[in-house]
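Chemist: Residue numbers (my numbering), protein chains in the order written: chain H, 528 to 1293; chain G, 528 to 1293.
It should be emphasised that the hints constitute simulated quantities derived from the structure, not laboratory data.
Where hints are given, some of them may not hold.
Identical chains blur together in the list; that is why a pair holds if it fits in one copy or across any two.
[Claimed, not checked] List of simulated lysine to aspartate or glutamate pairs, EDC-like, C-alpha gap at most 20 Å:
#, residue 1, residue 2
1, Lys-1081, Asp-1154
2, Lys-915, Glu-576
3, Lys-914, Glu-1162
4, Lys-805, Asp-791
5, Lys-1129, Glu-1014
6, Lys-868, Glu-612
7, Lys-593, Asp-1144
8, Lys-589, Asp-1169
9, Lys-639, Asp-858
10, Lys-1192, Glu-628
11, Lys-1203, Asp-681
12, Lys-1147, Glu-1009
13, Lys-589, Glu-1258
14, Lys-639, Glu-854
15, Lys-1171, Glu-1258
16, Lys-593, Asp-662
17, Lys-639, Asp-856
18, Lys-1016, Asp-1144
19, Lys-589, Glu-732
20, Lys-801, Asp-858
21, Lys-793, Asp-876
22, Lys-1274, Asp-681
23, Lys-1179, Glu-821
24, Lys-1020, Asp-1144
2 protein chains.
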Amino acid sequence: MIRMTTKPLLLVACLVTALGAASTANGDQSAGNMLGFSANTAASQQKLEESFDAQLQASDIKSWLKSMSSEPNQVGSPHDKANAEFVLAKFKEFGWDARIETFSVLYPTPKKVQLQLIAPTHYDAVLREPPIPGDPSTDITKNVLPPYNAYGGDGDVTGELVYANYGLPDDYAELARHGIDVRGKIVITRYGGGWRGLKPELAQEHGAIGCLIYSDPHEDGYFKGDVYPKGSWRPDQGVQRGSVAKMQVHPGDPLTPNIGSTKDAKRLAIKDAKTILKIPVLPISYGDATPLLEALGGPIAPDSWRGSLPMAYHMGSGPAKVHMVVESDWDQKTIYDVIAKLKGSTMPDQWIIRGNHRDGWVFGTEDPLSSHVAMLEEAKVLGAMYKKGWRPQRTIVYGSWDGEEPGLLGSTEWVETHAKELSQKAVLYINTDGTSRGFLGAGGSHSLQHLVNQVAADVTDPETNVSVEKRLRAHLMTTGHEGGSAEAKAQAKAAASGGDLPIEALGSGSDFTPFLQHLGIASLNVGFGGEGGGGVYHSAYDTFDHYARFSDPKFEYGVTLAKVVGRLVMRMADADVLPMRFSDFSAKLTEYMGELHQLVAKTRAATEQQHRLLDSDAFKLAADPLDPVAPPVRESDMPQIDLKPLDESIKKLARSMQAYDAAYKKVQDAGYRMPKGQERQLNELIGRMEASLTDPAGLPGRTWFKHMVYAPGMLTGYGVKTLPGVREALEARRWNEANEYAGVTAKVIDGYRAQIEKATALLNKS
Amino acid sequence: MIRMTTKPLLLVACLVTALGAASTANGDQSAGNMLGFSANTAASQQKLEESFDAQLQASDIKSWLKSMSSEPNQVGSPHDKANAEFVLAKFKEFGWDARIETFSVLYPTPKKVQLQLIAPTHYDAVLREPPIPGDPSTDITKNVLPPYNAYGGDGDVTGELVYANYGLPDDYAELARHGIDVRGKIVITRYGGGWRGLKPELAQEHGAIGCLIYSDPHEDGYFKGDVYPKGSWRPDQGVQRGSVAKMQVHPGDPLTPNIGSTKDAKRLAIKDAKTILKIPVLPISYGDATPLLEALGGPIAPDSWRGSLPMAYHMGSGPAKVHMVVESDWDQKTIYDVIAKLKGSTMPDQWIIRGNHRDGWVFGTEDPLSSHVAMLEEAKVLGAMYKKGWRPQRTIVYGSWDGEEPGLLGSTEWVETHAKELSQKAVLYINTDGTSRGFLGAGGSHSLQHLVNQVAADVTDPETNVSVEKRLRAHLMTTGHEGGSAEAKAQAKAAASGGDLPIEALGSGSDFTPFLQHLGIASLNVGFGGEGGGGVYHSAYDTFDHYARFSDPKFEYGVTLAKVVGRLVMRMADADVLPMRFSDFSAKLTEYMGELHQLVAKTRAATEQQHRLLDSDAFKLAADPLDPVAPPVRESDMPQIDLKPLDESIKKLARSMQAYDAAYKKVQDAGYRMPKGQERQLNELIGRMEASLTDPAGLPGRTWFKHMVYAPGMLTGYGVKTLPGVREALEARRWNEANEYAGVTAKVIDGYRAQIEKATALLNKS
C-alpha cells in the first residue's frame, strides 16, 4: 500500500475518520428498503447474503495468510510469482474463469546503499532491520532487499546535512527565514505530514543533492507505545520503505504513461520519464538518524519540527557532513496480475470489479495480504454459490494486482491496457489494501455512500455483536465528545444526527486510482482499523507473527471484511437498478463548494494581513536579534475570483438530483418493476455517470488525471483535493487558472447533470 | 516566584500573552493626554521622567545582581539576611526612610530526603544538582539545601508507583477509567498543566501515600532547546523546587492566617494548619525519573500524557515499587522585610507601594533578584531626585520581601500586620518578580490598563529602538498571524485594532496576592520576557553566569524595567487625579460575563451529550476489548442557572462608567483644575474603588480571599478565575452556589457602582 503517511496515522486520518456505515435511525434496514432492489428481490438477496456469511471461514484466512507471507514478496521475488500461481490455482479451484496477465515494467532495485556521517564525528549507518527475538520470519535474509525508496536517483554524494522537518513547502519557507539554503546539501526529513515522495522531490527542486527520510519515534516509534517485540511499534532499527515516484503526475510504469506496458509497448527513455527523481534517496531508522541529527548545529528547530528523540533538534546546515550512495539495478522486471471472472446473466457487460494488491515490501502480511486473503475467501464462497446455481445479473471481476507498492503498477498497466473495454463495461471498482481490528473505514464515490451505510448496518462487528455501522457511529461520537480536532467534532455531530455516516473522498495511495481518476469508474476503498497496533508499515517486521499478535489475533476481522465487501459486490452485481444515490454526491459537492468560498475568503484575509504586517515592520520588530528570523516573502496580490459558473452549475445539479430521487421513489413506492429493456437502459445510463465527471484534457500539468472532482493533491501527494482544478489553483495562487477551472469544472458537472436528466426522463416514462 | 507552571511556559502563557502596552493609533501620547494630569503638570512630569531615565545605570544592576546572587538566598540562609542588610543600607544611602521588619514563620527545611526504586530493579535517585562545567556558582555547596517541596508532610513510605500525568482532576478520572486506583500507592506526576501544589494535594485526596513531581524534558528540558551549559535549558539532573502549601486557601505563614506572624502572635498547632500536606512530596529531575517510569507496567498512557523521554509511557500501577523518605526541620524561622518610604507632599496618606521579593530557592539570580536590582536602581534615582527637591504628591513605599518562595510569607505577614493602615492609605501595589529579554508583560486591575499602555508607549525597547508598546504589539500580531492558539489569534486581533493592548487578570504566584485579593488594593505585576532562554526555574542553576549568558547579557532590560515601573510609580504618585480609567474595567467585566454564559451553555450541551452517549452504550461499543477503557462517570443533571442579577448589575455599571468618563472629559476638556479640596475628595473616592470589589465574607471555603472579581483558582492553583464565586461553582457543578454567588457578586458590583456615582456627582459639581 502506498500511503501518504505512516500506518498508525492512516488508521486515524483515513480508515477511521473516513467513514462508512448505515442509517438505522428510522429502522429502514428492512429488506424492503434495500437500495436497488424491489421488496421481492431484496428478500432473496438477504437470504443469499446469509448463506454467504455462513460459508466464510477464519481458518482459511489464517492458513493462506501464513503461507502467502512466509517469504519476501516484492516485485521480482520468486515468492511473489509463486503467490500469483497459488492465487490462480485457487480461483480455478473455486470455479472462476481465471488467468495471469503479465507486464514488463521499469522497477529499480538496490545494488548498493551506503550512508555515513563523516564529520564532525564518524558513524556508519546500519541500513538493515536486524532479527527480532521470537519472530522467526525476521531471521530470513534470502531475497530480502535493503531498505530503499523506489525511483529515487542513483548517486554517490557528500555534503553538509540540513534538517527540513517533514520536507514540505512550508518547511523550506521556514528554512529560508532562518537563512538556510539547501543547495549542494543533503537534506534529512522525517516521515509524516504529507506523502513520502514529495520530500525528495521538493529537496531536489530546492537544489539538494541527496535526501534521507527517517521515521521519528514521535510518529512511528516508542512515543506511540511499546516497540516490537514487547509491543507492536517500530523499534529503533525499523525502516519504512516506499516509492518516491511522482505518482501525483501519473502512476504506473514510468516509461509507459497512458498505455499498457505490454512486452512490445513503446517506451520512453529513462531520462525522459516524468516520474523518476534525479537525486539519491534513502529511508532510514531512528536508530540511524539519531547520530546524524545529534551532530547538527545551526538554529534550534521550531517547536512543530521537534520529534521524540532525546535531544534538542537543530536545523543545520552542518557541521554534520554526510556521505551517501545509492546504486540500483534499472532492468525491466515482469509483474503478474491474476484476473478472475464470474460471468453475469442478464447484464454481462456491466462489470463489478474488486481488487487487492499482492506484492509487499518484504513479507507484506498486513500490507497487503491480510485483505488479499479476505478477497480469496469471498471468491471461494462466491464460486461455491455459483457452482450451486447462483447467477449474478452483472459480471464479477476479481484482480490480484502485482507491483502496487512501487507505483500502482499492476492495476495501472491493466487499466491502461484494457481502457476501452473498461470504459464501456466497468460500473464499480472496490479496493482493499490491508486490514486490522477495529472500526470500518470507507472512502469513495459519494453516489455509493448510502449503499455502504446499508451494508455496514447488515454486518455484525465480531468484538461487540452490534453492526459495524453502529460500532463506528459509537466510535465517532465518543471520539468527538472527548476533545480532538474540529474534524473529529464535525464527524461526531454527523454521527449523532442519526443519518448516513459520510464516506471520505479518495485521493490516492492504492489501486483505486487508475479506475477512479483515470477512467472515471465509481470506486470504493474499504478496510478495518483503529485498534490493532501499528508500527511495521513497509518494514520487514510486517510478519505473520506480528499480525497474529497485534492486528487480528482471531482473524475475525478478515472474515468481517469479506462480509462487507462480499455484500457490496453481490448487491452491485444483483441489483435491479444499480444501488447508487446521486443526491448524496450533489450534497457533497455543495459542501466542497462552501469550502472553496471559505478558502478564497481566508486567503484574501491572510494576504491582506500579511501585507499589513510587512508594511508596518511587525516581523522585524518582533524578531529576536540574538536568534533572528527574517520576515516571510511577500505574498502576491489577490484579484477578484469568479466562482459563479461553478456555483450555478452545482445548484442546478442539486435540483436535478431531487427530481431524479422523486421519480425513482415514485416508481419504487408503486411497487412497479420497469420493463427489462427500460431497466437495462437505466442501468447503462447510471453505470456511466461517474465517467461523465472526467475531462479528457485532464488536470493542469498532469493530463493522466481526468476526474474533475476527486484527485490526489500535487502538494499533498496522496491526500485528496476535491474540485482539484479550482482548489489547487487557489492554493498555489494561480488566479487565472482558478477562474478558468471554475468554468471547466462547471461544464463537466453540467454534462453529469444532462445524463441524470436523461435517467429521470426514463423513469418518468414508466 | 511561585508560578503555576515552569518558567518557559510562564513567559509564553503569562508574561508574553499577558499584555501591557499603549494606544498610539491616534498619536494620543502627547503630554496633554497623560491620564491624571493637566497639560501643564503633564509637561513637567515628562521632564521628570526624562531626568529619571538619564540617571539609570546598567552597571549598578550588573554589580548588585552579581553580589546579591553570590550565595544561596533561601529563607533562613545567612546570605538572605546579609542581603536584607545590604538593601537597607542602600535605601538609607539613597535618602529613604528605611527599616527592617521581621516576622517569625513556620518554614520546614529538609533534614533527610531519600528515593529508591526497589522493584523490579534497583535505582538510588541522585536528588541533587551536580556542578556544571564553566559555572563556578554551581560548585558552591555551602548552605545549599537538597531539592525539596516546602510544606509537604514528613514520611517514610514504600509503595507501588502510578504515573498520573500532570496529577490534575481529569488525570484521576482517566486513571479510574483504566481501573487504576492510587490508594496506598506513590504517585509520580510531571510539572506543568497546573500549579505544582495541586499535584500532591490531589494525590493525597485520592489516597496516595507519597507524591513525586518531575520535570519532563518536553516542558522543561531538551525538547525546548540545548541544555545547560551548551544552551540555557534544564539538564537531566536539574530540579524544580517549590512550595506545595495550599496557598489557594490562604498564603503566608500556615500558623497565622489573617494575622501578622509577629513574635507573640497567636499560632495554630501545626496539625491544625489548613495549608500543610500530610504526605511526603519530592521534586526530582528527569534523570532520576527515567528509571522509575521505565519500570512501570500497566496500560500505555494516553497521547496527551506522553512527554519527551525516549520510552513508551505507562500508567502503572507497578511493577515499579518505590521507597521515599522526607524528614524536615519544623522550627520557626525569622524572615526580614525591608520597608522604605519617601513621604508625599500634598496627599501623604495615599500610598503607592512597589515591591519585589528577595529570597530565592538557591542563588535566585533571575528569580527574583534580576528585578529586585531594577527596583533598587529606581530607588536610587527617586532618592536622588528627592534629594534635589522633587516631592511626590503621594507617599511612595518600597518593599523588599522575604519568604515569597515558600508562600508569599514576607508580603502576606506585612499586609496582615498593617491591614488597617493599608486599607486606609494604599491606592496601588506594583509587583515585579524576575525579568529577562523580550516583550513587556503586564497583568493587574483593569482600571490601570490605560496607564500601563501610556507608560509602555513612552519607554524605548533597547533591542529595536521603538517603544516597548509598539514592539509588544508587533509580537502579538505576528504570533497570532503565524498560527497558534485561539487566544493568540484573539490577541493578534486586539493588537491589530490599534486600541489599547489588554492587560491580563491576576491569579496568584507572587506578592501582589495579599494586596489585591486580601485587601482589595489595585495592583499590577510587570516584567519582560519571551526571548531569554529558560530552563533554570527554581534550580541551583539560576546563577549569575546563566543569567548573564542567556537572560539579559547587557543588563539593558533591567534598566528598561526600571523605566517602566519608575514611570508607573511617579505618575501614580504625582498625578492630579489618580490615573485610572474605570470604563476599561467594566468592559472587561462584560467580557467575563459573556464567558460565564458560554460556560453555562457549553456545560449544558456537554452534559446532555454525555448522557446520550452513556444511554446509547456508545462508550462501551467504542472501547477496545483488548485494551479496555470504562465509560466516564455520569455527570450530574443541570438545573436552570440564574445569572440575571449579575447581568443587570454589570449593565448598570457600564452605564455609570460612561457617565463618569463623560463628566471627567468635560472637566479635562475645559482645562479646569478642580479646587484642591474637591480634587483630594475625588482622589480619596477613586483610590478606594478597588476595595469595594471585596466582600468581607470572602470566597466559599477560603474566606481569606475577599476579591469578588479576581482570584487564583481552587483547581488551577495560581491560574486566575475571574468572577470566581460564580465561575468556580459552575465548573464544580455546585449549582446552588452558582446562583447564590451571582447575587453576592452583583451586590458587590452595585457597591462599586455607588462609589463611582459619588465620584461622578463630585465632578459634575465642578
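Chemist: Hint by hint, say whether it matches the structure.
Modeler: Each hint, compared with the structure:
1. Proximity of Lys-1081 and Asp-1154 under a CA criterion of 20 Å is satisfied inter-copy only: 16 Å between copies versus 56 Å inside one chain copy.
2. Proximity of Lys-915 to Glu-576 under the C-alpha cut-off of 20 Å is restricted to the intra-copy arrangement: shortest distance 14 Å within a copy versus 101 Å between copies.
3. For the homomeric pair Lys-914 and Glu-1162, neither the shortest alpha-carbon distance inside one copy (66 Å) nor that between copies (58 Å) is at most 20 Å.
4. Within a single copy, Lys-805 and Asp-791 get their C-alpha atoms no closer than 27 Å, and across copies no closer than 85 Å, so neither meets the 20 Å cut-off.
5. For a Cα distance limit of 20 Å, the shortest separation of Lys-1129 from Glu-1014 qualifies both inside one copy, at 18 Å, and across copies, at 18 Å.
6. Only within a single protomer do Lys-868 and Glu-612 lie at most 20 Å apart by alpha-carbon distance; the minimum there is 16 Å, versus 97 Å between protomers.
7. When the C-alpha separation of Lys-593 and Asp-1144 is checked against a cutoff of 20 Å, the pair qualifies neither within a copy, at 64 Å, nor between copies, at 37 Å.
8. When the C-alpha separation of Lys-589 and Asp-1169 is checked against a cutoff of 20 Å, the pair qualifies neither within a copy, at 56 Å, nor between copies, at 63 Å.
9. Taking the shortest alpha-carbon separations for Lys-639 and Asp-858, only the intra-copy value of 15 Å comes in at or below 20 Å, while the best inter-copy value is 73 Å.
10. With identical chains, the CA atoms of Lys-1192 and Glu-628 are never at most 20 Å apart, being 43 Å at best within one copy and 90 Å at best between copies.
11. Within a single copy, Lys-1203 and Asp-681 get their C-alpha atoms no closer than 60 Å, and across copies no closer than 89 Å, so neither meets the 20 Å cut-off.
12. Taking the closest pair of Cα atoms, Lys-1147 and Glu-1009 come within 20 Å of each other only across two copies (14 Å); inside a single copy the shortest separation is 40 Å, beyond that limit.
13. Proximity of Lys-589 and Glu-1258 under a CA criterion of 20 Å is satisfied in neither setting, with 47 Å inside one chain copy and 52 Å between copies.
14. Taking CA atoms no more than 20 Å apart as the test, Lys-639 paired with Glu-854 passes inside one copy only; the shortest distance there is 5 Å, against 63 Å between copies.
15. Taking CA atoms no more than 20 Å apart as the test, Lys-1171 paired with Glu-1258 passes inside one copy only; the shortest distance there is 18 Å, against 48 Å between copies.
16. Taking CA atoms no more than 20 Å apart as the test, Lys-593 paired with Asp-662 passes inside one copy only; the shortest distance there is 13 Å, against 61 Å between copies.
17. Taking CA atoms no more than 20 Å apart as the test, Lys-639 paired with Asp-856 passes inside one copy only; the shortest distance there is 9 Å, against 68 Å between copies.
18. Taking the shortest Cα distances, Lys-1016 and Asp-1144 sit within 20 Å of each other only across copies (19 Å), while inside one copy they are farther apart (38 Å).
19. For the homomeric pair Lys-589 and Glu-732, neither the shortest alpha-carbon distance inside one copy (46 Å) nor that between copies (50 Å) is at most 20 Å.
20. For the homomeric pair Lys-801 and Asp-858, the shortest alpha-carbon distance inside one copy (18 Å) is at most 20 Å, but the shortest distance between copies (80 Å) is not.
21. Taking the closest pair of Cα atoms, Lys-793 and Asp-876 never come within 20 Å of each other, the shortest separation being 30 Å inside a single copy and 99 Å across copies.
22. With identical chains, the CA atoms of Lys-1274 and Asp-681 are never at most 20 Å apart, being 44 Å at best within one copy and 79 Å at best between copies.
23. In this assembly of identical chains, the alpha carbons of Lys-1179 and Glu-821 never lie at most 20 Å apart, being 59 Å within a copy and 62 Å across copies at closest.
24. Taking identical chains as interchangeable, the C-alpha atoms of Lys-1020 and Asp-1144 lie at most 20 Å apart only when they sit on different chains, with a minimum of 17 Å there against 43 Å within one chain.
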